[in-house]
Amino acid sequence: MFFWSLVLIAVGIFSSFIYGRSRIKLNSKKQGTKSKSLPTYYAQYVLMWCLFPALIVYFSWAIFQEQIIQNIVISNFEFIEGAVYNEGLLLAEIRNVANNPSFADGKSIEIINAASHYSSLRQISQISFYTSIIIIMLLGALYASQKLKPEFHAQHTIERYIQYILIFCSSVAIFTTIGIVFSLIFESLRFFAEVSIFEFLFSTEWYPFIPIREGQTAAEGSFGAVPIFAGTFLVMVVAMCVAVPLGLLTAIYLAEYASQRVRKTVKPLLEILAGIPTIVYGFFAFVSVAPFVKAFGQSIGIDASPTSALAAGMVMGVMIIPFISSLSDDVINSVPQSLREASLGIGANKAETIKKVILPAALPGIVGAFLLAISRAIGETMIVVVAAGTAPNLTGNPFENVTTVTVQIVVALIGDQEFDNPRTLSAFALGLVLFVITLFLNIIALQIVKRYRERYE
Amino acid sequence: MSNSKILANSVDVYYGSKQALFGISMDIKEKEVTALIGPSGCGKSTFLRCINRMNDLIEICKVSGSIKVDNEEIISDKTDVVSLRSKIGMVFQKPNPFPKSIFDNVAYGPTIHGLVDSKNDLEEIVHSSLKKAGLFDEVKDRLNEPGTSLSGGQQQRLCIARAIAVNPEIILMDEPCSALDPIATAIIEELIDELRLNYTIIIVTHSMQQAARVSQKTCFFHLGELIETGETNKIFTNPDNTKTQDYITGRFG
Amino acid sequence: MNNSVAKEKIVSLRKKRSLEDMRFKYYGFTAMCLSLAVLVFLLYTIFSKGYTAFQKTIVLLEVDYNQEVLKLTPDSSDEEMEKGKFFRVKKQAIENFFPDLSKSDIKLVKKLFSINVDNEIKDYFLDNPEVINTKQQIWVTAHSDVDQLLKGNSRRDVPEDRRKLNDIQLSYVDQLVEENRVKQVFNNFFFTKADSRHPEIAGVAGSFMGSLFTLFTVFILSFPIAIGASVYLEEFAPKNRITELIEVNISNLAAVPSIVFGLLGLGVLLNVFGLPRSTPLVGGSVLALMTLPTIIIACRASLKAVPPSIKEGALAVGATKTQAVFHHVVPLALPGTLTGTIIGLAQALGETAPLIMIGMIAFIPNIPTGLTEPSAALPVQIYLWVESAERGFQEKSAAAIMVILIFLFMMNAIAVFLRNRFERKW
Ligand SMILES: Nc1ncnc2c1ncn2[C@@H]1O[C@H](COP(=O)(O)OP(=O)(O)OP(=O)(O)O)[C@@H](O)[C@H]1O
Ligand SMILES: [Mg+2]
Chain H
428 MFFWSLVLIA VGIFSSFIYG RSRIKLNSKK QGTKSKSLPT YYAQYVLMWC LFPALIVYFS
488 WAIFQEQIIQ NIVISNFEFI EGAVYNEGLL LAEIRNVANN PSFADGKSIE IINAASHYSS
548 LRQISQISFY TSIIIIMLLG ALYASQKLKP EFHAQHTIER YIQYILIFCS SVAIFTTIGI
608 VFSLIFESLR FFAEVSIFEF LFSTEWYPFI PIREGQTAAE GSFGAVPIFA GTFLVMVVAM
668 CVAVPLGLLT AIYLAEYASQ RVRKTVKPLL EILAGIPTIV YGFFAFVSVA PFVKAFGQSI
728 GIDASPTSAL AAGMVMGVMI IPFISSLSDD VINSVPQSLR EASLGIGANK AETIKKVILP
788 AALPGIVGAF LLAISRAIGE TMIVVVAAGT APNLTGNPFE NVTTVTVQIV VALIGDQEFD
848 NPRTLSAFAL GLVLFVITLF LNIIALQIVK RYRERYE
Chain F
189 MSNSKILANS VDVYYGSKQA LFGISMDIKE KEVTALIGPS GCGKSTFLRC INRMNDLIEI
249 CKVSGSIKVD NEEIISDKTD VVSLRSKIGM VFQKPNPFPK SIFDNVAYGP TIHGLVDSKN
309 DLEEIVHSSL KKAGLFDEVK DRLNEPGTSL SGGQQQRLCI ARAIAVNPEI ILMDEPCSAL
369 DPIATAIIEE LIDELRLNYT IIIVTHSMQQ AARVSQKTCF FHLGELIETG ETNKIFTNPD
429 NTKTQDYITG RFG
Chain S
1309 MNNSVAKEKI VSLRKKRSLE DMRFKYYGFT AMCLSLAVLV FLLYTIFSKG YTAFQKTIVL
1369 LEVDYNQEVL KLTPDSSDEE MEKGKFFRVK KQAIENFFPD LSKSDIKLVK KLFSINVDNE
1429 IKDYFLDNPE VINTKQQIWV TAHSDVDQLL KGNSRRDVPE DRRKLNDIQL SYVDQLVEEN
1489 RVKQVFNNFF FTKADSRHPE IAGVAGSFMG SLFTLFTVFI LSFPIAIGAS VYLEEFAPKN
1549 RITELIEVNI SNLAAVPSIV FGLLGLGVLL NVFGLPRSTP LVGGSVLALM TLPTIIIACR
1609 ASLKAVPPSI KEGALAVGAT KTQAVFHHVV PLALPGTLTG TIIGLAQALG ETAPLIMIGM
1669 IAFIPNIPTG LTEPSAALPV QIYLWVESAE RGFQEKSAAA IMVILIFLFM MNAIAVFLRN
1729 RFERKW
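Protein chains in written order, with our numbering: chain H, 428 to 884; chain F, 189 to 441; chain S, 1309 to 1734.
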């Protein structure tokens, strides 16, 4: 359906273009006047009237077809009295049988009937989809062709449409934000309908109960997210302890000491470090750093778990180094040269100039960079998923297993997702917390950096 | 005033709160070259850009007053800016050919205005425009090379050809020779002299000699005001205003 | 006299100060080297863990294509041949693999072979139907446990109960090595097969195609939308509240954690719009929204870099603003936008968390052929393999990382090439 309908639409818009073009030429010849716009604009006009209605039909079909068909199939399903049905499983079964008749062996007659019902509905939907796309394109072209008169200023109209399209493109960013906020809040509200917000924010017990058998109630779990927040914080602190000194010192060295040649080679290398996917860091943490941390812990008499906050945090710190160093590098470079010269001019050496003049001057920018880095660390997922573990330990010991917000989101949503279960919904509540905190950090950081920039511009 | 092409009446221009032109009134005759002279920042370009509404591009720029081209008001919301600009060509201080082939540079205007119906017609227009701009012989073998590969003087003539190609009646030139060497300048000046037969030309220039050589009328601007306007000969030999006198003798500016 | 003391003090202080200066510089240098050392160590780890995955172990097996066992005749049609009883041939071949095997030993020997051996025996026959009723020596894939043992990835000096292969099996393997009946060859499966429960026949082809389809979706969605948004904001947008809101939105979206985009995909695209789970279509849409800010920023920068004189030139010959922008400014900004897009796509390629959220983590044992088919993606495949308990998957995950890194490297090289080739200095 996907491919052929695109072909259909492509053919439609192509022929509408050709049609519009020849039609306006004909019309203006008939009337003996020149058309107000170039023929290609009339052609584009017809094209747009063909394309956009077709796209609307296409997307509404793509979005709603399956759901409508499923609803019809279920409402016509011959339920046997007394039997318990899980609608999702039932639908999956019906779909399987419909798509693959060899699965029909041994299925009950109701299911087989429903499957053939499903297939026939799909066929009907398919046929009506193609016909309605063709009809809507013809209607669009018909409407547009009425306007194909030389005195109609097609270019004006087309340019207005283009404006609408551009405005739509720009508003995608807003729709995305609305979508994020909507989905987070909507599902979180469902979560907080079952779990009190105070328990979530202040209780220290995180035992999301996973119902094993059907019919078990889910509300027996306890959803105190404090250990998760603490774990996130611990990993973040470890990461910053690694990233801040290394990143900042690297930036200082590159900006103030390194020769042009060193800078030219090291910067792209750091960019490589920044471009490595985080799952790769996760792998690194898992196979190299975590065993090392465990061995190290044992050597000093601490019983380190194989996945620890320390391993995850250290690797995350490495991941953040290029982020901090490039941001700090920018900030340090934007400190005016005159300040540097003033300090060097009274006989201070480079280290003193950096420590007493440049860093204080660049401090707001650097703080901004740190905040952005923290927000990065909190939102980072794959490293901690692979290397930090899932046990909600409330501990300050970095050798222990901790869990983070992002890990819990992943854990809650891996596997079966049941949206009537607080276990699944808790992911959205945690996501909301994550979103709010990172957004907050970003806004502050951007504000600080912006003020800082203004000061030196 | 039978053959007045452009008639400006008390034109004021503001950039934000800053006034750049103060009540400019001017009468420009058909098929003449009018030179606008004056010290830097006195508003020559600003006035020039009012005539083809190029100032619309600058958001803070507000124009009031009246300018009539062929007795039609152009400082109004109802003006069709696009057809106005196809009637009034403009050549800029720095040559700005499109980064496309020489042919496409000239062909762009006629194509978007639908002046041609066939490829042959288009070629015809391009060639004739290049000929009118005195560039054809130099580039006829390399019409497909990018316009930016030409020399500065050639580029400026290409821009003139581009302006001529849409068959304008008026050509505005904002210091067209300021980026060129004396030889290229001489060629362009000659060209302007030829174009005068078919077009009304307004040229902004900082060179008194150039103004004297190419123009019939000269207007002297100072600090946003039109100080004096008249026959070029008269302005350069016997101006009425002492400021004009000072300027053309090089005492300020 | 006082003066000379002061001077001495200054001199000694200066020495101390310059020592301090040296030390500070040294700190910076060390920090830089440490960062780079980690990079080297990381790449080394990946390479040293992963290079063995490009080889597989194969075993020489004597197969008797007896027509009775196969239940085929030399004149059987192709369809009938497809249905030949190859598993019986295989069973026989394994029973005779070593002379005089007892029942329990046969079970042990069987575990030295990959599950795929049936197919290999069959494919060999279908390619050469004339071998019916002959005995053939063919190389078949060994089980991952044998493979790992011979590659030295799993150790033989641990107690038997902590080994995958027991002592008897070990001795068989040793015997095979002695008789030259095993060897290591290039592992074509790694590049031609999709994921599998069995490490020896698991490959990246499925997830690679999944990633390609996902990136295709990202490109198709984000490139035009980003250009539209940038052109509007840069060339047409009035300076007002709404425009400002859009700009703030874009810069904030750039910093939203990727996992939150995953929740968006799950909550809106899957649950509200009911798009198909685990598909490149949904994964690509989510990543497209994520990549938008990156591309918009690049596109706006390139639009800004086009000198206004070009636009003025077009307007002066009577082009409308829309014409001037779309005929002249946008084409000139395209190379820069494309560079930014490739960099954005490179980021999207490595994104894992959002894809997990929308279900691209499902086990998909076949190679996807379309945007709306369930499929895996490279980074998620890596995650699955890292998490897997099976020893044989670890080298696979490192090798898959090599594949993704090479892919990334090529994309960045293209971006740099584009930048150098098409970037104009005005
Ligand atoms: N885009 C603008 N924004 C604000 N003010 C402007 C702008 N363009 C011009 N001005 C102001 O308007 C006045 C007239 O400028 P204009 O460019 O017309 O001078 P000019 O006579 O062409 O000078 P020149 O000979 O140097 O080109 C100047 O004071 C200038 O500062
Ligand atoms: Mg000027």
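Please keep in mind that the hints were generated in silico from the structure rather than gathered at the bench.
Be aware that a few hints might be false.
Restricting the straight-line Cα-Cα distance to at most 20 Å, the calculated cross-link-like pairs of lysine to aspartate or glutamate (EDC-like) are [claimed, not checked]:
#1 S:Lys1459 / S:Asp1475
#2 S:Lys1612 / S:Glu1681
#3 S:Lys1619 / F:Glu247
#4 S:Lys1323 / H:Glu578
#5 F:Lys266 / H:Glu578
#6 H:Lys782 / S:Glu1328
#7 S:Lys1391 / S:Glu1328
#8 H:Lys452 / F:Asp200
#9 S:Lys1418 / S:Glu1468
#10 F:Lys319 / F:Asp381
#11 S:Lys1619 / H:Glu586
#12 S:Lys1629 / F:Glu326
#13 S:Lys1629 / F:Asp292
#14 F:Lys328 / F:Asp292
#15 H:Lys877 / S:Glu1552
#16 S:Lys1629 / F:Asp244
#17 H:Lys461 / F:Asp305
#18 S:Lys1333 / H:Glu779
#19 S:Lys1612 / F:Asp244
#20 H:Lys457 / F:Glu247
#21 F:Lys219 / F:Glu377
#22 H:Lys452 / F:Asp244
#23 S:Lys1391 / S:Asp1329
#24 H:Lys721 / S:Asp1475
#25 F:Lys193 / F:Asp329
#26 S:Lys1547 / F:Glu413
#27 S:Lys1619 / F:Glu382
#28 H:Lys783 / S:Asp1475
#29 H:Lys461 / F:Asp309
#30 F:Lys320 / F:Glu378
#31 S:Lys1415 / S:Asp1435
#32 S:Lys1430 / S:Asp1475
#33 H:Lys463 / F:Asp305
#34 S:Lys1629 / F:Asp369
#35 F:Lys282 / F:Asp200
#36 F:Lys266 / H:Glu632
#37 F:Lys282 / S:Asp1413
#38 F:Lys250 / S:Asp1383
#39 S:Lys1472 / S:Asp1413
#40 S:Lys1324 / H:Glu779
Since the structure is predicted, the reported quantities are computational estimates derived from the model, not experimental observations.
- Is the hinted pair Lys721 of chain H and Asp1475 of chain S satisfied, with a Cα-Cα distance of at most 20 Å? violated, 31 Å
- Query: Is Lys1415 of chain S within 20 Å of Asp1435 of chain S, Cα to Cα?
  - Reply: violated, 29 Å
- Query: Does Lys782 of chain H pair with Glu1328 of chain S here, judged by a C-alpha cut-off of 20 Å?
  - Reply: holds, 11 Å
- Query: Lys457 of chain H and Glu247 of chain F: Cα distance at most 20 Å?
  - Reply: Violated - the C-alpha atoms of Glu247 of chain F and Lys457 of chain H are around 43 Å apart, more than 20 Å.
- Item | Restraint check for Lys1612 of chain S with Asp244 of chain F, where alpha carbons must lie at most 20 Å apart | Given that 20 Å is the threshold and the Cα spacing comes to 19 Å, the pair holds.
- Query: Lys193 of chain F and Asp329 of chain F: Cα distance at most 20 Å?
  - Reply: The given pair, whose Cα atoms are some 38 Å apart, is violated under the 20 Å limit.
- Task: Decide if the proposed pair is consistent with the structure: Lys266 of chain F and Glu578 of chain H, CA atoms, cutoff 20 Å inclusive.
- Result: The hint holds at about 18 Å.
- Message: So if I understand the rule, the pair passes when the alpha-carbon distance is 20 Å or less; does Lys282 of chain F with Asp200 of chain F pass?
- Response: Not OK: Lys282 of chain F and Asp200 of chain F at ~26 Å, beyond 20 Å, violated.
- Message: Would the hint linking Lys1547 of chain S and Glu413 of chain F be met if the CA-CA limit is 20 Å?
- Response: Outside the cut-off at roughly 32 Å; violated.
- 20 Å limit on alpha-carbon distance, applied to hinted pair Lys1612 of chain S and Glu1681 of chain S: violated, 40 Å
- Message: What's the verdict on Lys282 of chain F and Asp1413 of chain S, does the C-alpha distance respect the 20 Å limit or exceed it?
- Response: violated, 90 Å
- Message: Checking one constraint from the list: CA of Lys266 of chain F to CA of Glu632 of chain H, max 20 Å. Satisfied?
- Response: Measuring from Cα to Cα gives roughly 72 Å; hence the hint is violated.
Hint violations for this structure: numbers 2, 4, 7, 8, 12, 20, 22, 23, 24, 25, 26, 27, 28, 31, 32, 34, 35, 36, 37 and 38, all remaining hints satisfied.
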